[in-house]
Amino acid sequence: MDVALSMAADMKAKLFVLAVIRPPEPAESAEFHAVLEDGQERYEKHFVSLRERAKQKDIELEMDIVLGHPAEQIIHRADTIQASLIVMGKRSHTILHRWMLGSNSERVLRYAQCPVMIVH
Amino acid sequence: MANTWALSALWVGLALAATLLAIWFKISTALSEIVVGTVAQLIIGVFLAGLFGFAQGGLAGNTQWITFLAGTGAIVLTFLAGAELDPAIFKTKWREASIIGLAGFFGPFLGCTAVAHYVLHWSIMPSWLCGVALSTTSVAVVYAVMLELGFNVTEYGKAILAACFINDLGTVIALGLIFSPFTIRTLIFVVVSIVVFVGLPFLTPWFFREYGGRVSELEAKYLLFFLFAMGGLAVWAGSEAVLPAYLIGMVLAGTVGKDHALIRRLRTLTFGLLTPFYFIRAGSFVSVPALMAAPVTLLVLFGAKSLFKAVAVYPAVRIHKYDGKAGAYYTLMMSTGLTFGTISALFGLNHQIITQAQYSYIVGTVIASAVIPTMIANSFFLPRHLLPQTMKSSKAEQRIQSPVPAEEG
Chain A
1 MDVALSMAAD MKAKLFVLAV IRPPEPAESA EFHAVLEDGQ ERYEKHFVSL
51 RERAKQKDIE LEMDIVLGHP AEQIIHRADT IQASLIVMGK RSHTILHRWM
101 LGSNSERVLR YAQCPVMIVH
Chain B
1001 MANTWALSAL WVGLALAATL LAIWFKISTA LSEIVVGTVA QLIIGVFLAG
1051 LFGFAQGGLA GNTQWITFLA GTGAIVLTFL AGAELDPAIF KTKWREASII
1101 GLAGFFGPFL GCTAVAHYVL HWSIMPSWLC GVALSTTSVA VVYAVMLELG
1151 FNVTEYGKAI LAACFINDLG TVIALGLIFS PFTIRTLIFV VVSIVVFVGL
1201 PFLTPWFFRE YGGRVSELEA KYLLFFLFAM GGLAVWAGSE AVLPAYLIGM
1251 VLAGTVGKDH ALIRRLRTLT FGLLTPFYFI RAGSFVSVPA LMAAPVTLLV
1301 LFGAKSLFKA VAVYPAVRIH KYDGKAGAYY TLMMSTGLTF GTISALFGLN
1351 HQIITQAQYS YIVGTVIASA VIPTMIANSF FLPRHLLPQT MKSSKAEQRI
1401 QSPVPAEEG
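So the sequences go chain by chain: A and B.
Numbering follows our numbering, in which position 44 of the first sequence is assigned residue number 44; successive positions increment by one, without gaps.
Every number in our numbering is 1000 more than the matching position in the second sequence, counting from 1.
Because the hints were derived from the structure by calculation, they are not lab data.
Watch out, some of these pointers could steer you wrong.
Restricting the straight-line Cα-Cα distance to at most 20 Å, the calculated cross-link-like pairs of lysine to aspartate or glutamate (DMTMM-like) are [said to hold, decoys possible]:
no., chain 1, residue 1, chain 2, residue 2
1, A, Lys55, A, Glu106
2, B, Lys1258, A, Glu37
3, B, Lys1258, A, Glu41
None of the values given here were measured: they were computed from a predicted structure.
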């Protein structure tokens, strides 16, 4: 997030922050709704401090929380808003984890229609 | 007493491990707990028999308190599932919901019963039980996909969601009534149930307004009282306690279901203590040697569930304006159902309707039908917004901006 903020400040660009809540698979009734509500609350807390930081750097900021597969949602939103660049973090996962879930950053790199920056 | 605490520590330790696995692999805690229960039972059976009284029946043992906690977990979980119904959607979409929901129930119910009886040569009662257990769907899976694609706000999406409730209602009613002898007790149970289901939506809001909102958690005690009382009556009548629990959840969906603070407290109780005992116990009865001895049985049941769900649901979905891949997608989504599948199978095992081997095949099929579509989707990943225009256009029009369910629960 630090990288994205400083890039947006340097380039006087608009920053769009997307948080994706990934439901457990397979979704089970009560747990699914609990995950949704928890995710919503958690990201909204993050957004409060983020909004402050963006304000200090005079960055135009837009934020949203969506549900679904992270890679798909990131690509879709980037297409919708015609993003110039996607900045995303990379988590180091085990081979088993990657096989089970797939690497989000790899999928975004593969399918995105705009440049992608992966921050380690 | 020492044994009780040691056993408790073991169970909660397993629940903790299952939760960590669920977090790491982003899978549902229920699924993780079932698998952990199965593996733990296998390990204990081979290496640790004799410790903590395991020799008397393995991980689940014959301890009444474990059975009580597990049973309460199933009841409260079923109540919460019923309470997620949106009465407004149901009122406007009852016709479409009934057609798709009943098709989704009767197709696999009758089809899987026939396959179990004529192909696997199970006797008639285990075959019916198999049909019931494999007839379920998962409201949450369908809802998750709809939120993701933005279909939850469309008229079609609402109908499909309500259909899932009808489908599961069919499963719960079948489970509650097919295996119980019709006696005067059944009649008393039905009459009392009707009175309670009609009265609760009026009594509950008034009672909570008058006495609720205190530290003593009166609301939770009130709900547990009715769930236990109606569960007790159901069992007395030879039925199953989850039947009234689901119906109480549905009739209170418009009142209790919208009280987010109360639902959250119930979730804490449910996930923190009760459901781990239920799902780990359900998993512990799965016999891995039985599954390995006849894997074809598992394939046959999985194939039957998928086939009959598709044959029944796809035409019903098509006549309600879903066509092509969208229709197929919803049909696939309606082919899951972990909670009610395991509840039905465990009911059969507890009542000696099915053997442990049959239980293992049914639970194995339930798990496979929940996991395999997800694994396929992840392995052959394609961004869903690149799907054909029929889905893409609807999605673009109706896309949600927030994942918060619209008064869904």
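Here's how the hints hold up against the structure:
1. A:Lys55 to A:Glu106: violated (32 Å)
2. B:Lys1258 to A:Glu37: holds (13 Å)
3. B:Lys1258 to A:Glu41: holds (18 Å)
This entry does not satisfy hint 1, going by the numbered hints stated previously; all others are met.
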